[in-house]
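With these hints in hand, go ahead and build the complete structure from the sequences.
First to last, the sequence lines map onto chains W and D. Under the working numbering, the first residue of the first sequence carries the number 1, and numbering increases by one thereafter. Under the working numbering, the first residue of the second sequence carries the number 1001, and numbering increases by one thereafter.
You may find that some hints are simply not true.
Stated by the list, open to error - In silico lysine to aspartate or glutamate, EDC-like type, Cα no more than 16 angstroms apart, as pairs:
(1) Lys1258/D x Asp560/W
(2) Lys1048/D x Glu1226/D
(3) Lys158/W x Glu1550/D
(4) Lys258/W x Glu1226/D
(5) Lys1458/D x Glu1481/D
(6) Lys1158/D x Glu551/W
(7) Lys1258/D x Asp489/W
(8) Lys1048/D x Asp1035/D
(9) Lys1258/D x Asp558/W
(10) Lys1114/D x Asp1452/D
(11) Lys48/W x Glu1042/D
(12) Lys258/W x Asp1562/D
(13) Lys1382/D x Glu1481/D
(14) Lys158/W x Glu1551/D
(15) Lys1048/D x Glu563/W
(16) Lys1258/D x Asp1236/D
(17) Lys48/W x Asp1562/D
(18) Lys1048/D x Asp562/W
(19) Lys1382/D x Glu1330/D
(20) Lys1048/D x Glu551/W
(21) Lys458/W x Glu432/W
(22) Lys48/W x Asp1349/D
(23) Lys382/W x Asp452/W
(24) Lys258/W x Asp1558/D
(25) Lys258/W x Asp1560/D
(26) Lys1158/D x Asp489/W
(27) Lys258/W x Glu1563/D
(28) Lys1258/D x Asp562/W
(29) Lys1258/D x Glu551/W
Unchecked claim - Computed far set for chain D versus chain W, every beta-carbon distance over 10 angstroms:
(30) Ile1232
(31) Ile1406
(32) Leu1548
FYI, nobody ran anything at the bench for these hints, they're computed from the structure. Positions of the beta carbon are idealized from the N, C-alpha and C atoms, including for glycine.
There are 2 protein chains.
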Amino acid sequence: MSPDDGGFPTDYEIAQSVQTEHIADVVEPFGLARDDLELHGEEKAKVKLDAIERITEESDADSDLVLVTGMTPTPLGEGKTVTTVGLGQAFNRIGQDALIAIREPSLGPVFGVKGGAAGGGYSQVLPMEDINLHFTGDLHALTSAHNLISTMLDNHIKQHNELDIAVNWVNWPRAIDMNDRVLREIVIGLGGDVTGVPREDGFILTAASELMAVLCLADSIQDLKERIGRIIVAYDRDGDVVTVDDIDATGAVTILLKDALKPNVVQTIEGTPAFVHGGPFANIAHGTNSLIADDVASSLADVLVTEAGFGSDLGAEKFMNIVCRFGDMEPDAVTLVASVRALKYHGYDMWPPDVDELESENVEALERGFENLDRHVSNLRKFGVEVVVAINRFPEDSDEEVQTVIDHCEDELGVAAAESNVFSDGGEGGVELAEKLTDAIEADSDFAPLYDVDASIKEKIETVATEIYGAEGVEYHGSAEDDIERLTDLDFDDVPVCMSKTFHSFSDDASKKGAPEGWTLEVTEVYPSAGAGFLVVLTGDVLTLPGLPEEPAAAGMDIDADENISGLF
Amino acid sequence: MSPDDGGFPTDYEIAQSVQTEHIADVVEPFGLARDDLELHGEEKAKVKLDAIERITEESDADSDLVLVTGMTPTPLGEGKTVTTVGLGQAFNRIGQDALIAIREPSLGPVFGVKGGAAGGGYSQVLPMEDINLHFTGDLHALTSAHNLISTMLDNHIKQHNELDIAVNWVNWPRAIDMNDRVLREIVIGLGGDVTGVPREDGFILTAASELMAVLCLADSIQDLKERIGRIIVAYDRDGDVVTVDDIDATGAVTILLKDALKPNVVQTIEGTPAFVHGGPFANIAHGTNSLIADDVASSLADVLVTEAGFGSDLGAEKFMNIVCRFGDMEPDAVTLVASVRALKYHGYDMWPPDVDELESENVEALERGFENLDRHVSNLRKFGVEVVVAINRFPEDSDEEVQTVIDHCEDELGVAAAESNVFSDGGEGGVELAEKLTDAIEADSDFAPLYDVDASIKEKIETVATEIYGAEGVEYHGSAEDDIERLTDLDFDDVPVCMSKTFHSFSDDASKKGAPEGWTLEVTEVYPSAGAGFLVVLTGDVLTLPGLPEEPAAAGMDIDADENISGLF
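Here you go:
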């Protein structure tokens, strides 16, 4: 408890109160030896690639995979990561050897809005300040690798441009892990001949780089190198693709990423090992942690709990249609994180959110919000997986509200539901959820992706739009029709589609809450992520470089002479 | 030996042939316990700050300080770092507990020209590929910290600009650790109101950031924080300074640098501990490794061997006039690295260098080059220190050439000189040099900086210009006169001057070899590095963001499935 206010301790206070074990001791019971690790201090380690090769080859384990997803997010956060971490702890409490795999946070957003991305309360991963800052340097390696491609590209253009690259058709922006909005649109190469050729450019957040997606899908150095080489960075004046291979950057970029490919392992507050590795956008990319972490974790555990970004219409859809396909995996059960306040938010059709309203009891508003929950449940069932709703309980929720949700799930939807108190109670607060998920795992499931990769590009887009988003149809604007035609001609049509849509709504209009009907999805552009192996389908503007708010969290941060940090969480 | 060509093995082959010890075992005999270290794998560690506090407080050691500097550099490299590393090894061979402190390389330049910055041959620090790539993340932390200041600044301007910052008077560019010349001059903030206020901007190399200078001068977290807070990032419309404190970024920036402040320790190929920490430009900054590394190393060793950047007119001058003053240190002896080919290069007045000519015997050209060597020796003696000339031997040098240099030093200059073969023979090749330096250390010395900090700004500039560079006087152009007047009015005149001059010549004209006479130094601008605590004096253009050459080294790099790297060295 906080000594000052007698209230619930902060995440940082909880983290500081825990005596962590050496990470080598934490992972040893799961079959990772000290020699399998590259230590980063005593609490963080990377798993060596030869150890991964050995473990995945030796393993005949068919571990159970539990995916954590959520209803349409509110700006307040529903607690998907905290549920993932707590659930991993809970499975261990009921006698299952469970591991956790989650994304690693970006540094940039840390300085914008207060609050870390490593769980919270008694369900967080440690050392939380490291994980939210430099961690093991993966994001920095990605930033450098991304910008090395940019540098090699502009240097090629400056030197003789033998590839005849069209300077207005460069598809590789620069990257930074900082919420620095003034870099979104810039002009580079000013200052005369000696600095090269001026052109329009812009920066994206490192997490939005295709390199991040590639890192999260590669299963070895060789695979990583091949994927990097295929990335399309520009077109020449004939309209032919220019790849990373073409500008001779593949080897050097792979060298920069060789350590970033190794999954990071840390521990939760209760000593459950957690892989925290990779963090691609769930918007222009697939939004889940690395496949290599999933691979090694599922070879070591009875149960692997992992998480997909944003709501189930984005993260889970991509997990099922893209990640499971590429990784040859299937989820044995899915838990959909809901909260009383998120249901009320959708019930009020509230925009922006009014926190006081959301924290006051209102069963009627809550019930109006069920339409959002219901569509998520119904969508997930289309993949043939068992769903358990997790109600992540906040202190302000009334018992009646929570019971209303449980009754709705069980009686109206016919799905299991459990209150989750992992934030306040750690693994113990997730035991009921873990037990219901165990039942779900044991039930027969019949998983399948929603579309065939060999379907036409439009067919795949339309399947997601109508089956998942609830659109009546799809309209193509801007370059979309031409893009689809060109990509089909290039034989780049037999891959999954990675839909880029606002996460604030099932629809492509961020202001529409609940479960919007009677609308049409508007596709504006389709482009290949050839290294990742999917087509990105843009619907409306995508913000790939956020900005800082008027009162950035950074302004309230401090560190004392003894390295105690304040204001970070 | 290289199995392929029978010739001298490459740096990488030599590095791979060595079985390193665990870094904790390497430093233990010097008094660093395992608990004093934060391990980064088995070969790299950071020293904890509380250990440094304990060690420097407990120590009554007055270790001997040997500075390694050089004559005016040639594009071929004279081997200053290799001499520093080899000399540390040599001192250990003659029974002295010697430690080494050198700068850590920037990542950016690695992709431009082949060749690492961690010594070479049998006098290199390991693990050389790590040290030249991400190492322990210090450069990445600096890049992030630097750009957080930029982001906070532009966000302040966008939100309400309450400080009334003049957008055309921002003195804080952005930073990147990549030789990406198209970012030298850019326009940011395009795209309308939502992205902020458009303005001209540019990127510098991270090593050129004032944060790097600050990190290398701070002796604690508290000192680091205070220095960061004082950094001047812009001026308001009244011409008053705007600092990092003013934009509320001090705490967050310090948090990002808390680990980077901890010195890195690794080992040489012969197992001598080497601190590799900090790498400020020797041009707009002071160009030596961190003071905190010097502090801890000199508390642990009998002899500390350290290195200053570029020729003695830049690096050594700043070491004596700035670093020793700030760090309350004095060099007990200086070794000036010369080479036969550098002497011939100056003797030919060659520009650009002709390698074939330089590798052919020519005693006459060599002798003409002595004027460069002589001025360096004479300059160093003005600080009251003993000088030993180290002739870094290359395979092509003839015995007569080497002997001619030794005779010249001993007979004409009256300084000791020794041939150094540390590249080919490791520490054994530096024993004679170490012995002569031991004599120099034992001789009486009478060290003093060359000017008083209380002298006027112009007096300090003119002292360096005439006494060190050999100029006849100084002319002030551009804003220089106004700058000096304003800085004097602001009481910012009682600090050392950090001269920014080309390193290719004693003069401000890069093409003038030897020891130019009859010229006048042209000062164009003077600005404060308030966090570092000196004034930067610009003479001509300073390149703070290099570019890649036509055939970048990156294009020849590769990595195989077993993580073996090629083309990096």
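Against the structure, the hints:
1. Lys1258/D x Asp560/W: Distance ~10 angstroms between Lys1258/D and Asp560/W Cα, so the pair holds.
2. Lys1048/D x Glu1226/D: 20 angstroms, violated
3. Lys158/W x Glu1550/D: Measuring from Cα to Cα gives roughly 9 angstroms; hence the hint holds.
4. Lys258/W x Glu1226/D: 37 angstroms, violated
5. Lys1458/D x Glu1481/D: Holds: Lys1458/D and Glu1481/D sit about 9 angstroms apart, inside 16 angstroms.
6. Lys1158/D x Glu551/W: 12 angstroms, holds
7. Lys1258/D x Asp489/W: Distance of about 53 angstroms is beyond 16 angstroms: violated.
8. Lys1048/D x Asp1035/D: 8 angstroms, holds
9. Lys1258/D x Asp558/W: 11 angstroms, holds
10. Lys1114/D x Asp1452/D: Violated, because 42 angstroms separates the two Cα atoms, which is more than 16 angstroms.
11. Lys48/W x Glu1042/D: Between Lys48/W and Glu1042/D the Cα gap is close to 13 angstroms, so the pair holds against 16 angstroms.
12. Lys258/W x Asp1562/D: With a Cα-Cα distance of about 10 angstroms, the restraint between Lys258/W and Asp1562/D holds, given a limit of 16 angstroms.
13. Lys1382/D x Glu1481/D: 28 angstroms, violated
14. Lys158/W x Glu1551/D: Measuring from Cα to Cα gives roughly 12 angstroms; hence the hint holds.
15. Lys1048/D x Glu563/W: Given that 16 angstroms is the threshold and the Cα spacing comes to 11 angstroms, the pair holds.
16. Lys1258/D x Asp1236/D: Measuring from Cα to Cα gives roughly 30 angstroms; hence the hint is violated.
17. Lys48/W x Asp1562/D: 11 angstroms, holds
18. Lys1048/D x Asp562/W: The hint holds at about 11 angstroms.
19. Lys1382/D x Glu1330/D: 14 angstroms, holds
20. Lys1048/D x Glu551/W: 33 angstroms, violated
21. Lys458/W x Glu432/W: 42 angstroms, violated
22. Lys48/W x Asp1349/D: Violated, at about 53 angstroms.
23. Lys382/W x Asp452/W: The hint holds at about 14 angstroms.
24. Lys258/W x Asp1558/D: Roughly 11 angstroms separates the two Cα atoms, so the pair holds.
25. Lys258/W x Asp1560/D: Satisfied, since the Cα-Cα distance of roughly 10 angstroms is no more than 16 angstroms.
26. Lys1158/D x Asp489/W: Status violated; Cα separation ~45 angstroms.
27. Lys258/W x Glu1563/D: 7 angstroms, holds
28. Lys1258/D x Asp562/W: Given that 16 angstroms is the threshold and the Cα spacing comes to 10 angstroms, the pair holds.
29. Lys1258/D x Glu551/W: With Cα atoms ~23 angstroms apart, Lys1258/D and Glu551/W exceed 16 angstroms; violated.
30. Ile1232: 19 angstroms, holds
31. Ile1406: Holds, because the least Cβ-Cβ distance between Ile1406/D and chain W comes to about 42 angstroms, which exceeds 10 angstroms.
32. Leu1548: 4 angstroms, violated
When each numbered hint is compared with the structure, violations occur for hints 2, 4, 7, 10, 13, 16, 20, 21, 22, 26, 29 and 32.
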